[in-house]
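Starting from the structure of chain Y, add chain H where the hints point.
In order, the protein sequence lines correspond to chains Y and H.
For the first sequence, my numbering gives the first residue as 190, with consecutive numbering after it.
For the second sequence, my numbering gives the first residue as 4, with consecutive numbering after it.
Among the hints, erroneous ones may be present.
Cut-off 27 angstroms, straight-line C-alpha distance, at most; resulting in silico cross-link-like pairs (DSS-like, lysine-lysine) [what the hints assert, rightly or not]:
(1) 79/H with 374/Y
(2) 185/H with 6/H
(3) 374/Y with 158/H
(4) 88/H with 352/Y
Calculated directly from the structure, the hints in this document are not laboratory data.
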Amino acid sequence: MNKKKLLGTPYFIWSAIFIVVPLCMVFYYGLTDKSGAFTLENIISITTAEHSKALWLALVLSLISTLICLLLAYPLAMILCNMNVNQHSFILLIFILPMWMNFLLRTLAWQTLLEKTGVINSMLGFLHLPTLNIINTPYAIVLGMVYNFLPFMVLPIYNSLAKIDGNVINAAKDLGANGLQVFTKITLPLTIPGIISGITMVFIPALTTFVISKLLGGSKVLLIGNVVEEEFTQASNWHLGSGLSIVLMLFIIVNMVISAIFDKDGEGSVL
Amino acid sequence: MNKKLIDLKNISKSFDGQMVLDDLNLYIRENEFLTLLGPSGCGKTTTLRILGGFETPDTGHVIFDGTDITKLPPNKRQLNTVFQKYALFTHMTIAENIAFGLKIKNKSKAYIDDKIKYALKLVNLDGFENRMPDSLSGGQQQRIAIARAIVNEPKVLLLDEPLGALDLKLRQDMQYELIRLKNELGITFIYVTHDQEEALTMSDTIVVMNQGYIQQIGSPEKIYNEPENAFVADFIGESNIISSTMIEDKLVEILGVKFPCVDTGFGCNQPVDVVIRPEDVLLSSPASGKMKGVVTHLIFKGVHYEMEVTANGFEWLVHSTGMFPVGTEVGIDVDPFNIQIMNKPASEDEEAVGVNE
Chain Y
190 MNKKKLLGTP YFIWSAIFIV VPLCMVFYYG LTDKSGAFTL ENIISITTAE
240 HSKALWLALV LSLISTLICL LLAYPLAMIL CNMNVNQHSF ILLIFILPMW
290 MNFLLRTLAW QTLLEKTGVI NSMLGFLHLP TLNIINTPYA IVLGMVYNFL
340 PFMVLPIYNS LAKIDGNVIN AAKDLGANGL QVFTKITLPL TIPGIISGIT
390 MVFIPALTTF VISKLLGGSK VLLIGNVVEE EFTQASNWHL GSGLSIVLML
440 FIIVNMVISA IFDKDGEGSV L
Chain H
4 MNKKLIDLKN ISKSFDGQMV LDDLNLYIRE NEFLTLLGPS GCGKTTTLRI
54 LGGFETPDTG HVIFDGTDIT KLPPNKRQLN TVFQKYALFT HMTIAENIAF
104 GLKIKNKSKA YIDDKIKYAL KLVNLDGFEN RMPDSLSGGQ QQRIAIARAI
154 VNEPKVLLLD EPLGALDLKL RQDMQYELIR LKNELGITFI YVTHDQEEAL
204 TMSDTIVVMN QGYIQQIGSP EKIYNEPENA FVADFIGESN IISSTMIEDK
254 LVEILGVKFP CVDTGFGCNQ PVDVVIRPED VLLSSPASGK MKGVVTHLIF
304 KGVHYEMEVT ANGFEWLVHS TGMFPVGTEV GIDVDPFNIQ IMNKPASEDE
354 EAVGVNE
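So here's chain Y without its partners, still in its complex pose (with noise of 0.2 angstroms):
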């Protein structure tokens, strides 16, 4: 053995313990019964009503997710690119200073904040506006996802924005396009890769919270991931939530080898 492959046995042994371990045990109780036989049953369930809906509803709650994100994101890289040195790294340190905070505490504020009597509605109410009463729906779920998710998909996309060569921009118009057939047919397709970037740690995060929607959509509104956590920790049916988890597992696969396909160069390594 060389000496590098001896300076990574620590990672060899935390991926063991942390990953492989981890995941053959998720994959050995989502393929077996109480009894300890095999069965296909734990991930058939899916299928009955209650699970699907709250796959189905996690999928679209997390596809508007990522679409808003990436509405918000892409105009706002954008403008982080024009932007001179000096200011560009202030703007951009507005938006990581959040993401330092803890997960858990920042979408407990947003709590605080939707509730009946929270902070928006004391304010609405005194200014005599209706109140705003979102808790407890998917509406605040859909804004927890984007408030914690939005800076992942700024940053891939300001990256490969920020790439782009401002000559390829001048050649562009140089030989006669005007600025919507510069973004369309350059800017656009150069930041593809970005974009996918952008989509995947925004998608697969959102896709398997259940704090976001603990904590934003009460008891009210379940998530797969919600239902998961369910089976572990209230059930106690780990057989249920491994197999449940294994059919989460096939979605983000997808999405990595989407992913995978367009982000050749690796611009989504940035975090």
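Chain H only, in chain Y's frame:
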């Protein structure tokens, strides 16, 4: 002489309070190969970007074929640019790159296909239609960038140090290629470079720039043989620049020795700068020269020997096919027509005064 195509009038431009171009006046004729030559930061690229429409001058006007285009955006101008480092669209094939401008102008497919074929043939890259830019060498990418620009049939092609990223051999080949292209297309080329050899090889007219001012405009021969000031003399090729005194018309005193020359009109007993190219310094036996000196350095350069000769307190740079070993006493002489007299700059500023033909 062809008619004027582009007229730059009183162009000034500064970035963050830093003056880059100061009251620049320049015209470019139809079918001319004009080179903007100067060290980095002299304003040559800014001039080109103003022509291309990527910068707006603070003051002054750009007149193109009789129309003021100062405020016209780049996509509306009848000229095309070949950028430094090619700026090809990496997400498109070569054919799509070349077709870009034509598709925007809604040309028919048959016309576009024809043009792609023609352009690729012109730059000697037939059959490259479906390759991706990344799979091409630097020289090939540069030729595609040229093809992409010329299919639009511009009246003027702007080239921003297009050969800067290529190696020496390729650069020389591409110089001939560019001259051939210019002759075949019959359009105006405006070329930016800091490489004096490139400028001398290709240009009809060279514009030497420094610190935002035009130093001299002229044919390559004129710029090389009759530099108007010490900057031009120093920048274009190697030279001996000696502080001297003009005794009278056709007689100059260099390092205490009187030399006959051909220049007139500098007055009597006036301080001047004298430029003598190293290949114009004639070495002979000590007895026959006007000045005696000793060879202090000797290097073999291939075509010639490069020598340094100390004579009358000045280090003369000499290029000669004849060889004199270090330590040899030699005589120095210069033919009258090889002595170029220049006015001394009265101040730093005056050195940079715009000179127009």
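We went through each hint and held it up to the structure:
The straight-line distance between the Cα atoms of residue 79/H and residue 374/Y is roughly 18 angstroms, inside the 27 angstroms bound, and the hint therefore holds. For the hint linking residue 185/H to residue 6/H, the alpha-carbon distance of about 17 angstroms falls within 27 angstroms, and the restraint holds. The suggested pairing of residue 374/Y with residue 158/H holds, with an alpha-carbon distance near 25 angstroms, which does not exceed 27 angstroms. With a C-alpha separation of about 14 angstroms, the suggested pair residue 88/H and residue 352/Y falls inside the 27 angstroms cut-off, and the hint holds.
The structure agrees with every numbered hint stated previously.
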